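The residues making up each chain are set out below.
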Amino acid sequence: MPLLVNREIRGVDSYAGPIAFSEYLELDDAAQASIKSIRANGEDSLDQLLLHSSRFDLIALEFPIIRDGRSFSIARELRVAGFGGQIRAVGETSRDKLQFLERCGFDAVELDDEHFRREFLEAYTEISVQYQGAVDQPLPIYRQQETTA
Amino acid sequence: MYIYNEVDQRLVDERVVQYRDQTQRFIAGDLSEDEFLALRLMNGLYIQRQAPMLRVAIPYGLMSAEQLRVLAEVSRDFDKGYGHFTTRTNIQFNWPKLEEVPDILERLAKVQLHAIQTSGNCIRNTTTDHFAGIHPSETEDPRPWCELIRQWSTLHPEFAYLPRKFKIAVTGSKEDRAASQVHDVGLHLVRNKAGELGFEVLVGGGLGRTPIIGKKIREFLPAPELLSYLEAILRIYNLKGRRDNKYKARIKILVEATGIEAFTEQVERHWETLKGGELRIPQQEIDRVTAFFADHPYNEDAAADLTLDEKLEADPDFRTWYARNTHPHKQPGYRAVTVSLKPHLGAPGDITALQMEVVADLSERFSFAQIRSTHEQNLVLADVAQADLYEVWQVLNEHNLARANIGLLTDMIVCPGFDFCSLANAHTLNIAEQINQTFEDLDYLHDLGEIRLNMSGCINACGHHHVGHIGILGVDKKGEDWYQITIGGSSREDASLGKVLGRAVAADDVASTLERLLETYVELRVEGERFIDTVRRLGVTPFKEAVYAVAS
Ligand code: SF4
Numbered sequence: 024m025p026l027l028v029n030r031e032i033r034g035v036d037s038y039a040g041p042i043a044f045s046e047y048l049e050l051d052d053a054a055q056a057s058i059k060s061i062r063a064n065g066e067d068s069l070d071q072l073l074l075h076s077s078r079f080d081l082i083a084l085e086f087p088i089i090r091d092g093r094s095f096s097i098a099r100e101l102r103v104a105g106f107g108g109q110i111r112a113v114g115e116t117s118r119d120k121l122q123f124l125e126r127c128g129f130d131a132v133e134l135d136d137e138h139f140r141r142e143f144l145e146a147y148t149e150i151s152v153q154y155q156g157a158v159d160q161p162l163p164i165y166r167q168q169e170t171t172a
Numbered sequence: 010m011y012i013y014n015e016v017d018q019r020l021v022d023e024r025v026v027q028y029r030d031q032t033q034r035f036i037a038g039d040l041s042e043d044e045f046l047a048l049r050l051m052n053g054l055y056i057q058r059q060a061p062m063l064r065v066a067i068p069y070g071l072m073s074a075e076q077l078r079v080l081a082e083v084s085r086d087f088d089k090g091y092g093h094f095t096t097r098t099n100i101q102f103n104w105p106k107l108e109e110v111p112d113i114l115e116r117l118a119k120v121q122l123h124a125i126q127t128s129g130n131c132i133r134n135t136t137t138d139h140f141a142g143i144h145p146s147e148t149e150d151p152r153p154w155c156e157l158i159r160q161w162s163t164l165h166p167e168f169a170y171l172p173r174k175f176k177i178a179v180t181g182s183k184e185d186r187a188a189s190q191v192h193d194v195g196l197h198l199v200r201n202k203a204g205e206l207g208f209e210v211l212v213g214g215g216l217g218r219t220p221i222i223g224k225k226i227r228e229f230l231p232a233p234e235l236l237s238y239l240e241a242i243l244r245i246y247n248l249k250g251r252r253d254n255k256y257k258a259r260i261k262i263l264v265e266a267t268g269i270e271a272f273t274e275q276v277e278r279h280w281e282t283l284k285g286g287e288l289r290i291p292q293q294e295i296d297r298v299t300a301f302f303a304d305h306p307y308n309e310d311a312a313a314d315l316t317l318d319e320k321l322e323a324d325p326d327f328r329t330w331y332a333r334n335t336h337p338h339k340q341p342g343y344r345a346v347t348v349s350l351k352p353h354l355g356a357p358g359d360i361t362a363l364q365m366e367v368v369a370d371l372s373e374r375f376s377f378a379q380i381r382s383t384h385e386q387n388l389v390l391a392d393v394a395q396a397d398l399y400e401v402w403q404v405l406n407e408h409n410l411a412r413a414n415i416g417l418l419t420d421m422i423v424c425p426g427f428d429f430c431s432l433a434n435a436h437t438l439n440i441a442e443q444i445n446q447t448f449e450d451l452d453y454l455h456d457l458g459e460i461r462l463n464m465s466g467c468i469n470a471c472g473h474h475h476v477g478h479i480g481i482l483g484v485d486k487k488g489e490d491w492y493q494i495t496i497g498g499s500s501r502e503d504a505s506l507g508k509v510l511g512r513a514v515a516a517d518d519v520a521s522t523l524e525r526l527l528e529t530y531v532e533l534r535v536e537g538e539r540f541i542d543t544v545r546r547l548g549v550t551p552f553k554e555a556v557y558a559v560a561s
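These protein sequence lines are chains A and B, in that order. When we follow the numbering used here, the leftmost residue of the first sequence carries the number 24, and every step to the right adds one. When we follow the numbering used here, the leftmost residue of the second sequence carries the number 10, and every step to the right adds one.
Since the hints were made in silico from the structure, they are not lab data. In this text the structure is predicted, and so the values were computed from the model without any measurement. It cannot be assumed that every hint is accurate.
Said to hold, decoys possible - Partial list, computed: chain B residues near chain A (C-beta under 7 Å):
id	residue
1	E23
2	E44
3	R252
4	P306
All C-beta atoms in this analysis are idealised placements derived from N, C-alpha and C, irrespective of residue type, glycine included.
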């Protein structure tokens with residue numbers, strides 16, 4: 024299972040299979056304090072997640088099925104709220120989501136894909152035009168022109 | 010119209026390369042059916058009953074003569090020589106080959122056309138009033154705002170995997186020619202008391218299995234905040250819309266379940282964090298985009314022409330066409346012309362390659378080289394000087410594009426139905442033909458007056474049947490096609506949903522049922538009353554009784 028972090032292929036991973044955010048919420052304060060990474064998805068309360076996020080080094084956001092795009096918005100909200108740790112996409116990720124993931128604030132992606140090839144990295148640069156602002160480039164295109172002008 | 014700059018062009022070019030690669034990976038077996046499904050849908054490619062179907066975007070229904078020519082070329086070189094205009098003002102090709110689609114897209118990209126987001130669970134083509142910018146009673150031209158929405162929504166990284174598709178319509182006039190109240194978001198350009206430009210915002214309208222008229226979420230949104238507000242709505246929808254059942258996944262269901270007050274509050278609260286930020290559109294950008302839609306260099310003396318009156322006097326066929334298929338224009342001496350894609354025999358909305366070229370040609374000679382597609386599945390030449398109308402009519406007539414039926418019963422909106430669509434429950438094209446054959450007499454049609462007939466081949470309602478004055482819905486009863494008829498719907502400013510007339514009728518009985526329905530109308534109407542108004546005045550019952558009395 025290849026792991027991409029900041030567009031680089033990583034072999035070894037210190038990621039220790041974090042617990043689900045819902046389980047984390049059930050723990051007492053002391054136990055919560057020892058937890059540095061969790062996994063969440065669209066079923067979790069975003070408000071709760073934002074509240075606790077500063078404690079974590081890593082938040083893995085799940086894509087339970089290909090068509091579930093909630094984690095794009097969750098990642099965006101985490102970044103806007105100032106979360107500086109790793110946001111990792113897990114589950115039904117794919118080459119063709121890489122650029123959108125990065126734009127929404129994911130810096131890491133697990134690719135569960137037997138066909139993985141190094142060429143996947145090209146996905147990040149396939150489309151060089153970004154009309155709308157996002158986490159990677161907050162300015163929409165008309166403001167980008169404004170600043171370069 | 011909006012002309013791509015180098016950046017816009019780069020996007021569609023890169024998209025072609027990307028899609029070519031995706032197609033190749035799929036053919037090579039490196040991409041699963043499921044993964045490819047999501048990708049091809051975002052590029053407008055469906056797999057249909059007969060073959061793949063490619064839907065090409067006509068952003069807010071505006072295209073150039075050059076673009077229409079290329080569409081003609083594509084239909085000839087890659088398809089069977091015709092295309093089909095849809096209620097989203099896009100064009101569909103029914104017979105492309107999957108492996109040739111990248112070549113088609115490459116050809117289209119050369120003239121700034123693409124198929125991006127014409128299907129799939131993403132923000133679809135924005136639609137608008139087909140008389141935008143030219144109608145005498147318009148408040149403000151909606152097209153610059155449509156273009157701003159187009160850019161913002163194109164490949165939006167966060168909203169490519171929404172719970173379901175998302176459709177936006179924008180109007181700039183009190184009259185609603187864009188069915189804005191049955192869209193996920195309907196935007197009405199208005200001015201407030203201080204004279205500032207903004208939008209009245211509706212949310213949660215839609216057709217399909219659960220038809221709902223949109224609800225007002227904001228009375229006045231300052232125009233520069235359009236995108237920040239849309240982003241707030243979309244984000245809430247992306248996070249909270251249902252994903253467990255595709256029939257309950259549209260935003261209308263979320264709005265209903267949450268309640269419009271609570272939903273409004275959620276959106277407004279989130280919007281507070283966005284407004285005034287990066288998404289606020291600077292005046293400079295509004296001006297830049299608006300400049301693309303400036304008035305054409307009209308002939309100031311156009312109204313001085315005397316030949317039109319002579320021709321109208323001399324030629325009754327022309328006179329009928331003029332009355333029905335041309336429309337007022339803000340510039341004296343000009344008319345907007347509807348090119349009827351509703352011939353006597355032929356699928357509504359279909360157009361051959363030759364016809365596309367004829368219309369492209371006419372637009373170059375007489376209408377500033379631009380053409381519009383309407384959600385009623387016709388085309389419009391928006392800016393024709395009155396002195397040229399006769400010639401335009403003659404050419405259209407020669408090519409079976411001048412049936413004087415705009416706004417009449419046979420100007421039907423019809424989805425492709427069972428002949429092409431793999432989701433269909435029933436055929437629609439044969440029923441359209443049956444209606445055309447039964448209501449052939451133009452004088453009778455004119456006497457019946459304005460009637461909007463909409464037909465869908467299944468509950469997905471691509472043919473907008475709920476909002477037809479007369480709606481026809483194809484249903485499947487033990488393997489047979491049956492049709493449920495509704496009356497009293499409207500997609501205009503007075504939007505309403507049609508009510509069921511009675512039990513469904515067999516395929517052979519649709520036109521005769523309509524005959525009885527309309528005879529009843531003729532008996533019951535008061536002088537000058539439209540069908541829809543009679544239905545509204547009297548309710549469904551008298552019609553129901555009259556129609557079913559005969560049958561039982
Ligand atoms: S209404 Fe149904 S049959 Fe008609 S095009 Fe839509 S999905 Fe197909």
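Practice task
For the hint on R252 (chain B), just tell me whether its beta-carbon gets within less than 7 Å of chain A.
Solution key: holds, 6 Å
Practice task
May I ask you to test the interface hint for E44 (chain B) with respect to chain A, counting a Cβ-Cβ separation under 7 Å as satisfied?
Solution key: holds, 6 Å
Practice task
Classify the hint on P306 (chain B) as holds or violated, based on whether any CB of chain A lies nearer than 7 Å to its CB.
Solution key: P306 (chain B) check fails; min Cβ-Cβ to chain A is 27 Å, beyond 7 Å.
Practice task
Could you check if E23 (chain B) really has its C-beta closer than 7 Å to a C-beta on chain A?
Solution key: Holds: closest Cβ of chain A sits about 5 Å from E23 (chain B), inside 7 Å.
Comparing the model with each numbered hint stated earlier shows that hint 4 is the single one that does not hold.
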